[in-house]
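Novice: As you go down the protein sequences, you meet chains U and C in turn. For what it's worth, the numbering used here labels the leading residue of the first sequence as 31, then goes sequentially. For what it's worth, the numbering used here labels the leading residue of the second sequence as 184, then goes sequentially.
What the hints contain is simulated information worked out from the structure, not anything from laboratory work. Every value quoted in this text rests on a predicted model; they were computed, and no experiment measured them. One thing to keep in mind: the hints can contain errors.
Restraint-style ranges between C-beta atoms, simulated for each label pair [stated by the list, open to error]:
no., chain 1, residue 1, chain 2, residue 2, range
1, C, E288, U, G416, 28 to 38 Å
2, C, P185, U, D335, 42 to 52 Å
3, U, D308, C, D230, 52 to 62 Å
4, C, N188, U, D454, 43 to 53 Å
5, C, E208, U, E190, 18 to 28 Å
6, C, N188, U, A121, 34 to 44 Å
Stretch by stretch, here's where chain C covers chain U in the computed footprint (C-beta under 8 Å, at least three residues) [unchecked claim]:
no., stretch
7, 173 to 182
8, 214 to 224
C-beta atoms are modelled at their ideal positions from N, C-alpha and C, and glycine is treated no differently.
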Amino acid sequence: MSQTTTRTTEAMNTFVEETGGWIASQLEACTRCGICASACHFYQATGNPDFAPVWKVELLRRAYEQRFTVAGRLLTAMGIRKRITDDDLLAWSKVVYEACTVCNKCAMVCPMGIQLGPLIHDVRAGLAAAGMVPEDLMAAVNKQLEEGSPLGVTDDVFAERIDWVGDEWDVDIPLDREGAETLVVFSSIEIMKFPENIADIAKILNAAGESWTLSTEGREVVNFGFYEGSAEHTALFVNRVLDAAKALGVKRVMVTECGHAYDALRWTAPNLVDMPKDLEITHIVAVLDELVKAGRIALKTGAADGDGGVTFHDACKIQRRGGHIEEPRRLLKILAPESFREMTPNREAAICCGGGGGVIAIKAADPQRYAAFGLKLDQIRETEAGTVVMACSNCRLQFLDGVQHFGSDVKVRGLSEMVAAALDGAPPADDPTG
Amino acid sequence: MPSFNITPVEKGIMRCRHTGAFSHEEVQALASFLNEYRGRLLIDLRDAAVDECERHIRNFRPMMPTAAIYGAALDPAILDIPEMWYAHDVRLFETEREALAWLREQ
Numbered sequence: 031m032s033q034t035t036t037r038t039t040e041a042m043n044t045f046v047e048e049t050g051g052w053i054a055s056q057l058e059a060c061t062r063c064g065i066c067a068s069a070c071h072f073y074q075a076t077g078n079p080d081f082a083p084v085w086k087v088e089l090l091r092r093a094y095e096q097r098f099t100v101a102g103r104l105l106t107a108m109g110i111r112k113r114i115t116d117d118d119l120l121a122w123s124k125v126v127y128e129a130c131t132v133c134n135k136c137a138m139v140c141p142m143g144i145q146l147g148p149l150i151h152d153v154r155a156g157l158a159a160a161g162m163v164p165e166d167l168m169a170a171v172n173k174q175l176e177e178g179s180p181l182g183v184t185d186d187v188f189a190e191r192i193d194w195v196g197d198e199w200d201v202d203i204p205l206d207r208e209g210a211e212t213l214v215v216f217s218s219i220e221i222m223k224f225p226e227n228i229a230d231i232a233k234i235l236n237a238a239g240e241s242w243t244l245s246t247e248g249r250e251v252v253n254f255g256f257y258e259g260s261a262e263h264t265a266l267f268v269n270r271v272l273d274a275a276k277a278l279g280v281k282r283v284m285v286t287e288c289g290h291a292y293d294a295l296r297w298t299a300p301n302l303v304d305m306p307k308d309l310e311i312t313h314i315v316a317v318l319d320e321l322v323k324a325g326r327i328a329l330k331t332g333a334a335d336g337d338g339g340v341t342f343h344d345a346c347k348i349q350r351r352g353g354h355i356e357e358p359r360r361l362l363k364i365l366a367p368e369s370f371r372e373m374t375p376n377r378e379a380a381i382c383c384g385g386g387g388g389v390i391a392i393k394a395a396d397p398q399r400y401a402a403f404g405l406k407l408d409q410i411r412e413t414e415a416g417t418v419v420m421a422c423s424n425c426r427l428q429f430l431d432g433v434q435h436f437g438s439d440v441k442v443r444g445l446s447e448m449v450a451a452a453l454d455g456a457p458p459a460d461d462p463t464g
Numbered sequence: 184m185p186s187f188n189i190t191p192v193e194k195g196i197m198r199c200r201h202t203g204a205f206s207h208e209e210v211q212a213l214a215s216f217l218n219e220y221r222g223r224l225l226i227d228l229r230d231a232a233v234d235e236c237e238r239h240i241r242n243f244r245p246m247m248p249t250a251a252i253y254g255a256a257l258d259p260a261i262l263d264i265p266e267m268w269y270a271h272d273v274r275l276f277e278t279e280r281e282a283l284a285w286l287r288e289q
């Protein structure tokens with residue numbers, strides 16, 4: 031299928047539609063020095079030059095040159111430069127979906143300051159318009175469109191699961207409570223795979239006397255439209271949460287342990303949809319830190335010091351993108367003051383776990399996903415920590431799968447889980463909603 | 184008496200035997216175990232009440248590792264969740280022999 035078809039046209043139209051001054055300036059600024067490759071965990075782990083970020087955006091650059099530059103138009107018209115074909119779309123689909131987590135670490139090292147992550151997201155947008163999204167990822171998108179959840183969290187499943195967690199973990203979980211201050215939105219991974227996260231976060235918020243609720247309508251924050259690169263689907267899925275927030279009259283939405291959903295709701299949504307006025311979007315990491323600083327919950331100092339040494343994994347969308355870098359460290363210095371140690375590199379320079387951006391959902395990506403995780407595991411081993419903690423359940427799933435793949439005995443824990451386990455004589459709950 | 188016990192069968196396979204009604208603490212302990220366990224699981228329900236098992240298995244199903252269940256006449260529909268990247272294969276068998284044979288092939 032090495033030809034130009036309607037697929038190619040759809041992709042080109044999307045690229046052209048997206049291309050404004052910002053994209054043009056980014057593409058024109060690139061000197062193709064290739065330094066970005068040194069920051070990419072997929073390139074580092076495999077040495078495959080196709081995985082270099084500069085190559086990942088090459089499709090967008092070609093489209094830009096062929097439509098917007100005189101030289102590009104002339105060379106294309108003369109047949110010297112080849113037009114983009116369906117084969118090209120397929121090749122880049124494999125690269126930008128299966129070997130990129132859109133972690134944007136490449137932008138940290140670019141001497142020109144080019145934001146490669148958003149550009150790669152734009153490549154995904156063109157491929158999504160052309161129907162070139164990998165089958166596994168598209169199946170999850172379709173499931174979220176049809177059932178409201180990529181992992182099958184239908185109304186009934188959600189109701190049963192919340193009932194089970196509330197009952198078995200003996201914790202109050204308010205549902206659809208109008209007038210609550212905070213709408214708490216979980217990812218489908220937490221609901222299905224880590225239900226104890228729901229109980230742990232409920233315990234923490236109840237102990238702090240927070241006025242909060244879950245929502246049946248906006249029951250999960252995961253956004254496979256964002257992974258796909260489809261603005262239409264991204265907007266549809268964020269609106270489910272925002273509509274629920276409006277209906278319940280909450281003042282803020284708190285995203286729990288999910289990274290990409292935080293990015294989608296906090297930074298992407300304002301560019302796609304009308305955000306409710308004065309609605310704050312925050313992340314559980316920031317809230318946990320606030321609650322401790324305000325004295326609304328107290329934690330047992332050193333509660334995690336017996337875990338064989340603790341290290342922290344910085345999630346791309348929460349720490350590098352979100353800037354929540356010091357909050358988890360302040361918490362871990364209470365929980366494990368004697369045994370907390372940093373991986374190298376860390377903070378905004380940390381490398382991705384390899385499972386973000388929808389990569390973990392694509393079976394064909396497994397070889398490079400495990401290879402990239404191998405780098406992370408080496409960094410954990412260098413700390414000699416027995417436990418690695420994080421605030422993203424997608425990362426946590428990748429870590430659990432990765433440590434099993436490599437036969438490691440490192441324990442993988444969520445930050446909220448550790449905080450809940452360390453709750454110590456919190457002030458009595460004073461629920462303003464009664 | 185605890186509601187379940189976990190014992191090794193052979194390398195990479197553990198047996199989880201249900202022995203009575205679950206307390207809240209035991210459900211939480213089992214959730215922690217399922218989060219941390221990295222092998223395959225042989226689930227023995229010979230001493231279990233079917234209705235109690237069905238509720239918990241339905242809820243534990245997304246967290247389960249590759250597992251073979253035997254010893255109780257469960258509704259197969261409780262294992263029916265989307266086969267996506269986070270879910271491992273879990274099957275029902277009539278006998279321990281069949282269950283173990285399948286598990287060894289996984």
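Novice: Could you work out which of the previously given hints the structure breaks and list their numbers from low to high?
Specialist: 2, 4, 6
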